[in-house]
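J.: As they're listed, the protein sequences go chains U and R.
With the numbering used here applied, the first sequence covers 18 to 209.
With the numbering used here applied, the second sequence covers 18 to 209.
The hints are all genuine.
Just so you know, same-sequence chains aren't split out, so a pair can sit in one copy or run between any two.
Heads up, simulated EDC-like pairs for lysine to aspartate or glutamate below, C-alpha to C-alpha not over 16 Å straight-line:
hint: 1; residue 1: K98; residue 2: E75
hint: 2; residue 1: K158; residue 2: E135
hint: 3; residue 1: K38; residue 2: E107
hint: 4; residue 1: K66; residue 2: D188
hint: 5; residue 1: K207; residue 2: E23
hint: 6; residue 1: K128; residue 2: E163
hint: 7; residue 1: K158; residue 2: E185
Calculated from the structure, these hints are not laboratory results.
Since we're looking at a predicted model, the values are computed, not measured.
Number of protein chains: 2
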Amino acid sequence: MKQLEEAILKYGSAINEQVLKVDTFLNHQIDPNLMYLMAADILEHFKDKKIDKIITIEASGIAPALMVAYQLNVPLVFFKKATSSILNEELYQCQVHSFTKNKDYTLTASKNYIHEGEKLLFVDDFLANGEAALGAINIVKQANAEISGIAIIIEKSFQPGRERLTAEGYDVYSLARIKQMAANHIEFIKNE
Amino acid sequence: MKQLEEAILKYGSAINEQVLKVDTFLNHQIDPNLMYLMAADILEHFKDKKIDKIITIEASGIAPALMVAYQLNVPLVFFKKATSSILNEELYQCQVHSFTKNKDYTLTASKNYIHEGEKLLFVDDFLANGEAALGAINIVKQANAEISGIAIIIEKSFQPGRERLTAEGYDVYSLARIKQMAANHIEFIKNE
Numbered sequence: 018m019k020q021l022e023e024a025i026l027k028y029g030s031a032i033n034e035q036v037l038k039v040d041t042f043l044n045h046q047i048d049p050n051l052m053y054l055m056a057a058d059i060l061e062h063f064k065d066k067k068i069d070k071i072i073t074i075e076a077s078g079i080a081p082a083l084m085v086a087y088q089l090n091v092p093l094v095f096f097k098k099a100t101s102s103i104l105n106e107e108l109y110q111c112q113v114h115s116f117t118k119n120k121d122y123t124l125t126a127s128k129n130y131i132h133e134g135e136k137l138l139f140v141d142d143f144l145a146n147g148e149a150a151l152g153a154i155n156i157v158k159q160a161n162a163e164i165s166g167i168a169i170i171i172e173k174s175f176q177p178g179r180e181r182l183t184a185e186g187y188d189v190y191s192l193a194r195i196k197q198m199a200a201n202h203i204e205f206i207k208n209e
Numbered sequence: 018m019k020q021l022e023e024a025i026l027k028y029g030s031a032i033n034e035q036v037l038k039v040d041t042f043l044n045h046q047i048d049p050n051l052m053y054l055m056a057a058d059i060l061e062h063f064k065d066k067k068i069d070k071i072i073t074i075e076a077s078g079i080a081p082a083l084m085v086a087y088q089l090n091v092p093l094v095f096f097k098k099a100t101s102s103i104l105n106e107e108l109y110q111c112q113v114h115s116f117t118k119n120k121d122y123t124l125t126a127s128k129n130y131i132h133e134g135e136k137l138l139f140v141d142d143f144l145a146n147g148e149a150a151l152g153a154i155n156i157v158k159q160a161n162a163e164i165s166g167i168a169i170i171i172e173k174s175f176q177p178g179r180e181r182l183t184a185e186g187y188d189v190y191s192l193a194r195i196k197q198m199a200a201n202h203i204e205f206i207k208n209e
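Extracted from the complex, chain U is given alone in its bound form (with noise of 0.2 Å):
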């Protein structure tokens, strides 16, 4: 998607080949229009799709996938990253390792939100090396739902996520996907 490359080249930058700094418009100030920009282009993707509820995993995946939520008139319902006092119900739950922070954390969601049968769009602001996604899609099996497709702002396509999760069939739609990139330099791959 251009306006998003174009915000990555003018705003983003590459700390060095693993770790790209996007927190001025994605993940810590967030730019509002951008991001209602990025869920239409999304929507248009996954037009044909079947999409009950839109999914994502706090804390940085909740603005765009509201906007997409938004615009499709669709629950979002995000996935916590660890137990609350306040989620005293039954929980479907899986442990996912972090590579960005080096940690494991617990994705948690409420039995009670998401249904067997149910087709459900996930979104998230990255994919590396797909460990979130996949923890994502464990939780969404337990419940007997169903993946409608997989969209991601950002693709690192350096690193192994997308293959993972397209060898199991999922229809996975990046926004932007990183070739390689070093410091001060990124490079594209171009959707077709």
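Given chain U, work out where chain R should sit, using these hints.
T.: Coordinates of chain R only, in the frame set by chain U:
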């Protein structure tokens, strides 16, 4: 706000005199249309204030705050509850005690996104003891920025948060104000 009070009565549940569960539409599953309407109501209240940016705290504050930022067409900055390896520049920080979770966290914001003289509207999902709001205000003061107002989705009016904030001169606008509650009983204070 009528639609919110109706949603609290229909979908929320008071676990006891302190804990209100609203994860059906506010802080686990999200109703995006209700978020949109709540944001419009907040902006109507603050329509005479100059607002340069919206600020909130991850994770549950992001959805309502994003809708406010989207409608006002200004950036949103969400403060973080822990430092990330990505946030490597200079930071504003403030220790905050969460009574809900009975633990402390370090509220954190990059110095890049809050600037001297900026007028900021703080939006959050809950106001109880006011610890989170006071932490956010502390960071805003560190930056020599200003608080235009404080917008809250649900205020537990039987706890001292509002009083602590209004005592410092802040305009606190809460969409629903809970006078008291108990298992299966919720009573509101009507806004004039």
